[in-house]
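Please work from the sequences and hints to get the whole structure.
Same order as they appear, the protein sequences are chains A and B. With numbering that gives the first Met the number 0 as the guide, the letters of the first sequence map in order to residues 0 to 106. With numbering that gives the first Met the number 0 as the guide, the letters of the second sequence map in order to residues 0 to 449.
It cannot be assumed that every hint is accurate.
[Said to hold, decoys possible] Residues from chain B that face chain A, not an exhaustive set, calculated with beta carbons under 7 angstroms:
{"no.": "1", "residue": "R285"}
{"no.": "2", "residue": "N336"}
{"no.": "3", "residue": "N337"}
{"no.": "4", "residue": "F344"}
{"no.": "5", "residue": "H345"}
[To be verified] Simulated crosslink set (BS3-like; lysine-lysine; CA at most 30 angstroms straight-line):
{"no.": "6", "chain 1": "B", "residue 1": "K386", "chain 2": "A", "residue 2": "K45"}
{"no.": "7", "chain 1": "A", "residue 1": "K26", "chain 2": "B", "residue 2": "K386"}
{"no.": "8", "chain 1": "B", "residue 1": "K419", "chain 2": "B", "residue 2": "K65"}
{"no.": "9", "chain 1": "B", "residue 1": "K88", "chain 2": "B", "residue 2": "K386"}
Source of the hints: derived by calculation from the structure; they are not laboratory data. Idealized CB from N, CA, C, for every residue including glycine.
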Amino acid sequence: MLILTCPYCGVACDETELHPGGEAHLKRFGPDASDEDFEGYLFQRKNPRGVHFERWRHAYGCGKWFHAARHTVTLEVFGTYPAQVFEPPEKIRAAILAKLPDWETGA
Amino acid sequence: MSRKLSVVPLVGRSKVRKSTTERQGQASRHEMMWGPMGRYSVFAVAREAFRDHSGWTRAWGNPAPKKRYDAIIIGAGGHGLATAYYLGKNHGLRNVAILEKGWLGGGNTGRNTTIIRSNYLQDPSAAIYEKSRGLYEDLSQELNYNVMFSPRGVMMLAQTEHEIRGYKRTAYANALQGVTTEFISPERVKELCPIMEIRGPRYPVLGALWQPRGGTARHDAVAWGYARKCSEMGMDVIQQCAVTGIRSEGGKVVGVSTSKGDIDCDKLGVVVAGHSGHVADMAGFRLPVESVALQALVSEPIKPCMDVVVMANTVHGYMSQSDKGEMVIGGGADGFNNYTQRGSFHHIEETVRALVETFPMISRLKMLRQWGGIVDMTGDRSPILSKTPVEGVFINCGWGTGGFKAIPGSGWGFAELMVKGASPLTAEFGLERFKEGRFVDESVAAGVAH
Numbered sequence: 000m001l002i003l004t005c006p007y008c009g010v011a012c013d014e015t016e017l018h019p020g021g022e023a024h025l026k027r028f029g030p031d032a033s034d035e036d037f038e039g040y041l042f043q044r045k046n047p048r049g050v051h052f053e054r055w056r057h058a059y060g061c062g063k064w065f066h067a068a069r070h071t072v073t074l075e076v077f078g079t080y081p082a083q084v085f086e087p088p089e090k091i092r093a094a095i096l097a098k099l100p101d102w103e104t105g106a
Numbered sequence: 000m001s002r003k004l005s006v007v008p009l010v011g012r013s014k015v016r017k018s019t020t021e022r023q024g025q026a027s028r029h030e031m032m033w034g035p036m037g038r039y040s041v042f043a044v045a046r047e048a049f050r051d052h053s054g055w056t057r058a059w060g061n062p063a064p065k066k067r068y069d070a071i072i073i074g075a076g077g078h079g080l081a082t083a084y085y086l087g088k089n090h091g092l093r094n095v096a097i098l099e100k101g102w103l104g105g106g107n108t109g110r111n112t113t114i115i116r117s118n119y120l121q122d123p124s125a126a127i128y129e130k131s132r133g134l135y136e137d138l139s140q141e142l143n144y145n146v147m148f149s150p151r152g153v154m155m156l157a158q159t160e161h162e163i164r165g166y167k168r169t170a171y172a173n174a175l176q177g178v179t180t181e182f183i184s185p186e187r188v189k190e191l192c193p194i195m196e197i198r199g200p201r202y203p204v205l206g207a208l209w210q211p212r213g214g215t216a217r218h219d220a221v222a223w224g225y226a227r228k229c230s231e232m233g234m235d236v237i238q239q240c241a242v243t244g245i246r247s248e249g250g251k252v253v254g255v256s257t258s259k260g261d262i263d264c265d266k267l268g269v270v271v272a273g274h275s276g277h278v279a280d281m282a283g284f285r286l287p288v289e290s291v292a293l294q295a296l297v298s299e300p301i302k303p304c305m306d307v308v309v310m311a312n313t314v315h316g317y318m319s320q321s322d323k324g325e326m327v328i329g330g331g332a333d334g335f336n337n338y339t340q341r342g343s344f345h346h347i348e349e350t351v352r353a354l355v356e357t358f359p360m361i362s363r364l365k366m367l368r369q370w371g372g373i374v375d376m377t378g379d380r381s382p383i384l385s386k387t388p389v390e391g392v393f394i395n396c397g398w399g400t401g402g403f404k405a406i407p408g409s410g411w412g413f414a415e416l417m418v419k420g421a422s423p424l425t426a427e428f429g430l431e432r433f434k435e436g437r438f439v440d441e442s443v444a445a446g447v448a449h
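Listed below in structure tokens is the structure:
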């Protein structure tokens, strides 16, 4: 059972309270973008076997979107953080590097 | 077409089958009486019964990799082995290796719920799945290996008004595609599957899409049968050989690096299901694929009580009874990316809760085993059988939650694609369809349960 702590209301919620929202920090491309950029934004995903930054919504709680850093093989959670950022905060990166020294930043 | 014996590692390969002309004059009296040693038959069983079963040989070889192959397939699951088999059988390409990081058929081929059907809505899907279902019909004879194909019939329950409309539409589409299906009444559902409660209360059965020639097969045997035939054709099935890198020169593939050393090849087929993104990353391109765990469970074995496959997409559950008597139950996929091969508890609860309402008799069954497999989901829930940005590298992935049923058809089409550069079966399943917005949209018609 996956348990994530909502960074807004501080509740440790199990996955049935949450709605998964897929890969985080995607750069959005609109109507004037090239076909490649638009395809990349809509469909192509990192899908890593390792650290994954992703979006979640506290659906049966405060209802807000937030981000989580999670390992897709061990399901270890490195931390959660609010959604109003374009990249993972330093604190989360440090938490990942403390556990996985080989993890390449941004990988 | 067999290779010289001197280059064949003899470990686990006591006999390389030769063509009929080569064998003439060499066959032992024993072989003349009973046929080639490698062939399974009732006579072989009788013969072995008289000599303490000492004559059975390994079903496939265990060779060390050669320096170079015409084609390498990464992934010795059903799809990879089927691809290799049809490369040899349909296109005469036999200098082929199939590399597997774990053991043969140990991924989703050994983890699915073995359902075979072809009642898809879109024409390209119906074509490849129906080709596949047709090949399953005589696969046991073709492979000389009992894959236990059981065309017991598959029904997809309509439990809402919307599903009735959806399945009637699919039935009409199937009629045009030449796939035999029909929309049946609740009474007929009850007749075909008496243990079902069709009156609800919450999800009454309002009808079903019925495919009488759908069914199940023994999943392991499909992989084993193909592996045996590949080995017999002189191909190398190399297990515990993880690919660690893909080598290319000037945008063209030249080989792979593996845990057993570098191997060169002209063509590379990547057939690794849930790990496609990882392997594509090695080759230097990205895929429109996300990997999630899909799980299944089986009950304790009970007396025969259900001789059809029932799928209930509204409540996310599907069930059939195996030949051993276990009720085989499939459920929902995790909503988040993961490679755990485990699945979540709440999905089991969700699936079983729904099925207990439709099949009240299973409420007192004990569940024996539960497991997960990593499925590769695409945006339109249709597979990718395609060339890639790297010349000579082909990818077969994205079968999502429904790959087992497609094994023979996928191998057939993908082998043709690898040899000729195009195949009518795979034409609509190229990677470029995402950029072009030309989806084969099965996410509504079949995206939930397989």
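Here is what the structure says about each hint:
1. R285: 4 angstroms, holds
2. N336: 5 angstroms, holds
3. N337: Holds, because the Cβ-Cβ distance from N337/B to chain A comes to roughly 5 angstroms (cut-off 7 angstroms).
4. F344: 6 angstroms, holds
5. H345: Hint on H345/B: holds, closest Cβ of chain A at ~5 angstroms, below 7 angstroms.
6. K386/B to K45/A: Holds, at about 20 angstroms.
7. K26/A to K386/B: Holds - the C-alpha atoms of K386/B and K26/A are around 27 angstroms apart, at most 30 angstroms.
8. K419/B to K65/B: 25 angstroms, holds
9. K88/B to K386/B: 22 angstroms, holds
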